[in-house]
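Trainee: Protein chains in written order, with full-length UniProt numbering: chain A, 1 to 349; chain B, 1 to 858.
Just so you know, these hints were derived from the structure itself, not from any lab. This one's a predicted model, so the numbers in the text were calculated from it and none came from an experiment. All C-beta atoms in this analysis are idealised placements derived from N, C-alpha and C, irrespective of residue type, glycine included. Each hint should be verified, as a subset may be incorrect.
What the hints assert, rightly or not - Here are the simulated BS3-like pairs of lysine-lysine, each with C-alpha atoms no more than 27 Å apart in a straight line:
1. B:471 x A:297
2. B:410 x A:297
3. A:67 x B:258
4. A:297 x B:480
As the list claims (entries may be wrong) - Chain A stretches covered by chain B per the calculated footprint, using a threshold of three residues with CB under 8 Å from any CB of chain B:
5. 33-39
6. 70-81
7. 96-106
8. 251-264
9. 305-315
Unchecked claim - From the derived model, a few chain A residues whose C-beta atoms are all more than 12 Å from chain B:
10. 21
11. 61
12. 132
13. 228
14. 237
15. 288
Listed below are the residues making up each chain.
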Amino acid sequence: MAYWIASSPHNHIQDKTSALMRLVIYATIPGIIAQWYFFGWGNLIQIGLATVTALIAEFLVLSLREKNIKEQLFDGSAILTAVLIGISIPALAPWWVSVLGALFAIAIVKQLYGGLGHNPFNPAMAAYVMLLISFPVQMTLWQPPLSLMHHQLDFVNTLSVIFTNFTLDGYSVEQLRTHIDGFTMATPLDTVKTALTMGKTVEEAMTSPVIGEYFSVGWQWINAAFLLGGFVLIYKKAISWVTPASFLASIFVCSFIAFMVSPDTNTSTMFHWFSGATMLGAFFILTDPVSGATSVKGRIVFAALAGFLVFIIRKYGGYPDAVAFAVLLCNMAAPLIDQFTRPRTYGHQ
Amino acid sequence: METVIERIEQGRFWQFHGGIHPPEMKFLTTNKPIRTVSLPQRLVLPIQQHIGEAGELIVKPGDYVLKGQPLTKTTVPLAVPIHAPTSGTIASIENHIIAHPSGLNEMSVILMPDGEDRWRERHIVENYSQLDKNTLVEKIANAGIAGMGGAGFPTHIKVNTKAKIDFLIINAAECEPYITADDLLMREHAASVIEGIKILDKILEPAFILIGIEDNKPEAIDALNHEIKQFDKIKLCVVPTKYPTGGEKQLIKILTGKEVPSGVLPSSLGIVMQNVGTCHAIAEAVISDTPLIKRVVTVTGQALEKPQNVWALLGTPIEHLLQECQYPQQQKRHIIMGGPMMGFSLPNTQVPVVKTTNCILAPSEKEIPDANQEIECIRCGQCAEVCPAQLLPQELQWHAKAKDSEQLTKLNLFDCIECGACAYVCPSHIPLVHYYRVSKAEIRQQKLLDIKAEKAKQRFEARKARLERDKKAREEKHKKAAEARRARMNSGTEEANKEKSAVAAALARVQAKKAQQSGVQANTTNDDKKSQVADAIARAKAKKAGQSAPNGDAGDDKKQQVAAAIARAKAKKLAAKEQANDDSAEENINAVETKPTSAQDDKKARVAAAVARAKAKKLAAQEQPSDVGTDDTGKSPETISSTAEDAKKARIAAAVAKAKAKKLAANTESDDQRTEGEAEASTKDKDDVMAEAIVEPPQETSTSTQDDKKARIAAAVAKAKAKKLAANTGSDDQRTEGEAEASTKDKAEVTAEAVVEPMQETSTSAQDDKKARIAAAVAKAKAKKQAANADTDVKQVEGEAKASTKDKTNVTAEADVEAAGETSTSAQDDKKARIAAAVAKAKAKKLAEKAQKDNQTS
Ligand code: SF4
Ligand code: SF4
């Protein structure tokens with residue numbers, strides 16, 4: 001007779017890390033759908049490219065490290081990283097951008113630091129920042145929402161652009177981005193920033209066609225979709241509500257104060273919330289447990305700092321969006337934050 | 001405290017951090033009553049079932065025991081007895097596997113029930129309120145009750161606290177999933193539980209009694225409520241269900257809002273906690289005189305066909321309970337003792353039920369699957385969120401894997417209650433608690449080693465300090481002794497003055513002698529008369545020496561005389577050597593200061609001298625073989641001075657001293673290499689010895705002046721000795737040196753003393769013409785001899801000396817041999833004496849002749 005010996009506790013929640021990761025991946029679906037709806041197939045293709053690259057890279061590195069390949073390859077963390085990279089990269093960026101990004105994220109940022117659980121930086125954001133710095137042109141190739149484009153961009157054309165830089169009809173990305181009126185359309189954040197540097201008021205900047213009716217055409221809905229996905233995660237207890245709440249509150253407070261001080265040069269709080277990668281960052285990136293702070297108090301500090309940095313960089317920095325930079329900076333601060341937010345052990349002063 | 005009660009009455013409680021809600025699974029057993037199971041084939045009773053120490057066995061194999069009869073007795077407070085759960089025979093007492101996570105074996109009593117279940121005599125207590133506290137505590141102790149919630153701490157210790165108790169908390173939370181033992185007990189035996197609580201109330205006299213129970217036990221709550229209606233003091237606190245509410249620290253926090261400081265017992269906060277099961281056992285023990293021999297055990301799990309709570313006799317093998325609850329035969333068995341959160345899996349179903357066994361869990365594969373593969377921590381922080389001790393399990397886990405015990409201690413690893421909440425929620429399925437247990441064990445082990453090492457170090461240092469102290473004390477003692485001597489000399493008392501004057505006298509004598517000697521030397525060869533005198537003396541000496549031969553010891557007058565003679569002879573020898581070395585004489589005198597008392601009192605003086613000599617001899621005897629006796633020798637001067645007033649002794653001593661001196665001389669001669677080796681070690685000592693020798697001869701002369709006979713004898717002896725010495729010295733300088741060195745410093749000093757003493761005598765005699773003359777004669781004789789020895793004679797003398805050689809240690813023996821060389825007769829026999837004298841004369845003549853020859857040749 002064989003007796004089965006184990007250490008207590010004997011029962012266990014049935015959740016697993018891989019299940020958690022999968023849930024997070026599923027939660028990005030509303031956002032991806034919104035992206036597809038407003039920007040076409042571009043991001044889906046990028047996600048596919050990044051995922052394949054990430055899995056291959058993970059496989060190679062794991063076999064080099066002689067780790068338990070099957071278990072770790074599909075623990076979901078690599079795929080999640082790839083998905084986040086695919087979402088963040090401009091839809092029409094050349095194929096090698098996402099391939100390079102995924103490769104960098106998995107092989108260097110994650111595995112070189114010791115694999116899952118040991119990477120100090122969020123792999124997706126580190127890759128994004130690397131790409132942004134290395135290839136600023138390609139990384140700002142954000143097309144305008146489909147509704148504003150005068151060229152139809154179906155799947156085959158998108159694929160063609162990504163791999164050859166030209167549509168089947170021979171249009172370049174630049175041409176695709178050009179408004180009927182002859183100017184290049186940027187992202188709303190970009191647009192506002194450019195307008196402000198040109199001495200316009202926010203009021204005037206907001207008249208740009210990319211802004212549209214509310215905060216920004218397309219982007220606001222994409223953000224709303226990620227917000228929805230985030231709620232699902234919170235509901236499922238996959239992430240704690242503390243981090244996104246603290247992050248959003250921090251952005252809100254910062255932009256509100258700025259807006260109160262000078263409404264002409266500062267965008268509204270809601271513009272901050274619903275443009276760029278705010279919601280993606282709040283629910284899917286800052287909540288990455290590995291590179292974040294661990295205690296509840298630590299997470300509040302961590303996310304609040306990120307929110308503050310996002311605001312500062314958006315307002316004063318050279319790049320239009322700031323979530324990736326802010327996240328990396330906070331990753332660096334996380335160990336320190338952990339150090340100072342240790343809970344008081346029961347029975348200790 | 002009021003506010004605590006107010007809050008409780010309003011149903012508001014505090015909260016502890018974290019906690020989890022694992023599936024309760026209590027439905028498996030809550031709806032069935034507690035069943036009594038059949039008697040097992042045999043009972044296995046580990047003699048230690050609690051925290052503390054095992055009791056002492058009072059039964060042996062083959063004994064028949066009655067139900068409730070104690071099997072062990074307690075000799076120390078932390079011990080708890082065990083009792084026979086039913087009547088039967090002790091089959092054996094052996095090591096048996098016990099309920100322990102690592103499947104340890106422990107001494108157990110194996111009891112074969114006879115099926116009759118016969119009780120020992122019991123004394124039912126109708127009204128326990130008449131009993132005083134101590135009796136109650138004693139009853140609890142004798143009933144073998146140890147905490148039944150899991151830890152098994154002896155209950156009588158816990159309730160016997162001196163602290164003032166504000167809250168007695170009854171732990172009825174039973175927060176572990178599956179377990180319903182306490183629940184059922186409260187439902188079926190609420191009255192008994194409350195009785196037990198009241199007994200505790202009487203012992204502890206708390207301000208309030210709080211029963212903490214989770215809200216998932218409505219029937220038990222009803223039952224208790226019914227029982228406590230009349231008692232205002234008891235508050236039933238129905239708290240929300242959350243694991244681990246039943247943890248002692250957690251329940252205290254929930255009910256009182258206080259945190260038990262780390263490393264402190266709750267009683268320091270005025271809180272004592274007892275389990276409901278324990279309360280029931282206390283009531284049974286006090287009221288119906290039933291010791292703890294059975295308990296409720298939840299036998300549960302979906303692998304069982306009939307999970308149920310049972311009354312299990314302590315010692316029942318788990319297998320028996322599983323069979324009773326219909327555990328299917330299966331190849332792979334997963335049996336857990338305790339709950340799923342904190343229990344441990346059993347390696348064997350022969351493990352017996354013990355006092356702390358509250359649950360046997362036999363889960364199905366589906367319920368509790370095999371452990372999942374552990375993957376890396378993703379720092380999700382969920383573990384920290386649920387930790388009731390507010391630790392950081394993920395950080396602890398890293399440091400545990402890295403074996404960083406310092407960090408672990410800093411992160412309060414030892415505050416972990418091993419509740420398992422962290423590991424329960426960990427999505428990476430890291431067996432966190434297992435890591436903590438291993439680390440805790442390692443750290444404890446390390447601490448033990450550290451303590452051991454520390455102790456060893458302390459022992460070593462203590463020893464070093466002791467040796468150091470001893471050394472210091474010794475030095476101190478020596479210094480004091482030396483100072484005392486000096487002080488005595490300088491103190492200005494009569495005695496001191498005498499001492500001083502004696503020293504002065506000695507100095508004077510030495511000078512006189514020197515002068516004399518030089519004079520004598522000049523005359524030696526051509527003064528017949530003197531040589532005659534010398535001859536006579538030599539004869540006398542020989543006779544005496546003969547006497548001494550058989551018996552060198554003191555006490556007997558004759559012997560004493562002989563000894564004296566020998567000593568003198570020896571001294572003479574030394575003196576001969578010394579002539580060459582006048583300078584050192586003065587040094588010696590200081591060392592010798594002890595004897596002078598006798599200077600003005602002849603008799604006494606003589607006695608003292610004798611004593612000194614005797615002692616010196618003894619010392620010398622000791623000294624020669626080994627240096628160890630240094631301390632003793634160091635003391636000798638003092639002793640000698642004190643004895644100076646005893647005449648007889650003194651004489652003896654003097655004799656001994658002389659004898660010794662002789663010996664030394666002899667030794668030196670006989671063994672060149674040996675002596676040389678020693679010699680080089682201390683040249684100074686050598687000087688001392690020689691100085692002594694110089695001083696001695698005068699003394700002899702002087703003694704003889706006052707007492708003619710004695711004086712003559714002494715002179716003779718002295719001459720004889722001088723001859724020998726001279727022979728040695730002259731012929732072989734190195735050899736003599738060796739001799740001197742042979743005596744260690746102490747020895748040297750002693751002998752020096754002996755020498756000084758004689759000097760004093762000499763000085764007395766200095767004023768007496770006769771004496772002076774004799775002395776002169778002696779000196780002349782010596783000078784003659786010396787001269788003679790200077791070369792040719794050496795061999796002969798050496799031969800003689802060698803006869804006595806090898807045994808340095810035995811002074812008397814040597815003396816004997818020497819004496820024998822001259823005469824074999826005893827001193828009391830006139831004839832012999834005469835013969836001896838003749839021999840001596842002959843020798844002296846020979847020597848004289850040689851000396852003459854030599855002189856001429858040279
Ligand atoms: S086992 Fe220890 S570390 Fe884990 S939750 Fe319980 S007390 Fe905290
Ligand atoms: S619950 Fe497990 S994976 Fe999460 S932080 Fe704790 S140890 Fe790491």
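Trainee: Verify this label for me: residue 61 of chain A is non-interface relative to chain B, using a Cβ-Cβ cutoff of 12 Å.
Mentor: Residue 61 of chain A clear of chain B: closest Cβ-Cβ about 14 Å, beyond 12 Å.
Trainee: Take the C-alpha atoms of residue 297 of chain A and residue 480 of chain B, compute the straight-line distance between them, and say whether it is at most 27 Å.
Mentor: violated, 74 Å
Trainee: Count the residues of the stretch 251-264 of chain A whose CB lies closer than 8 Å to any CB of chain B, then report whether that count reaches three.
Mentor: It is violated: at least three residues are needed, and the stretch 251-264 of chain A offers just 0 whose Cβ sits closer than 8 Å to chain B.
Trainee: Taking only the CA atoms, is the gap from residue 471 of chain B to residue 297 of chain A under or equal to 27 Å?
Mentor: violated, 65 Å
Trainee: Looking at residue 21 of chain A again, its CB stays over 12 Å from all of chain B?
Mentor: Since the minimum Cβ distance to chain B is about 9 Å, residue 21 of chain A lies within 12 Å and the statement is violated.
Trainee: Would the hint linking residue 410 of chain B and residue 297 of chain A be met if the CA-CA limit is 27 Å?
Mentor: Distance ~20 Å between residue 410 of chain B and residue 297 of chain A Cα, so the pair holds.
Trainee: Under a C-beta cut-off of less than 8 Å, do 3 or more residues of the stretch 96-106 of chain A approach chain B closely enough to confirm the stated coverage?
Mentor: violated (count 0)
Trainee: Just want to verify: residue 288 of chain A was marked as not at the interface with chain B; is every Cβ pair farther apart than 12 Å?
Mentor: violated, 9 Å
Trainee: For the stretch 33-39 of chain A, do at least 3 residues have a Cβ located nearer than 8 Å to some Cβ of chain B?
Mentor: violated (count 0)
Trainee: Holds or violated: residue 67 of chain A and residue 258 of chain B, Cα atoms, limit 27 Å.
Mentor: Violated: residue 67 of chain A and residue 258 of chain B sit about 48 Å apart, past 27 Å.
Trainee: In terms of beta carbon proximity below 8 Å, does the stretch 305-315 of chain A have 3 or more residues touching chain B?
Mentor: violated (count 0)
Trainee: Just checking, residue 237 of chain A versus chain B, shortest CB gap more than 12 Å?
Mentor: Violated, because the least Cβ-Cβ distance between residue 237 of chain A and chain B comes to about 9 Å, which does not exceed 12 Å.
Consistency note: the structure conflicts with the earlier hints numbered 1, 3, 4, 5, 7, 8, 9, 10, 14, 15.
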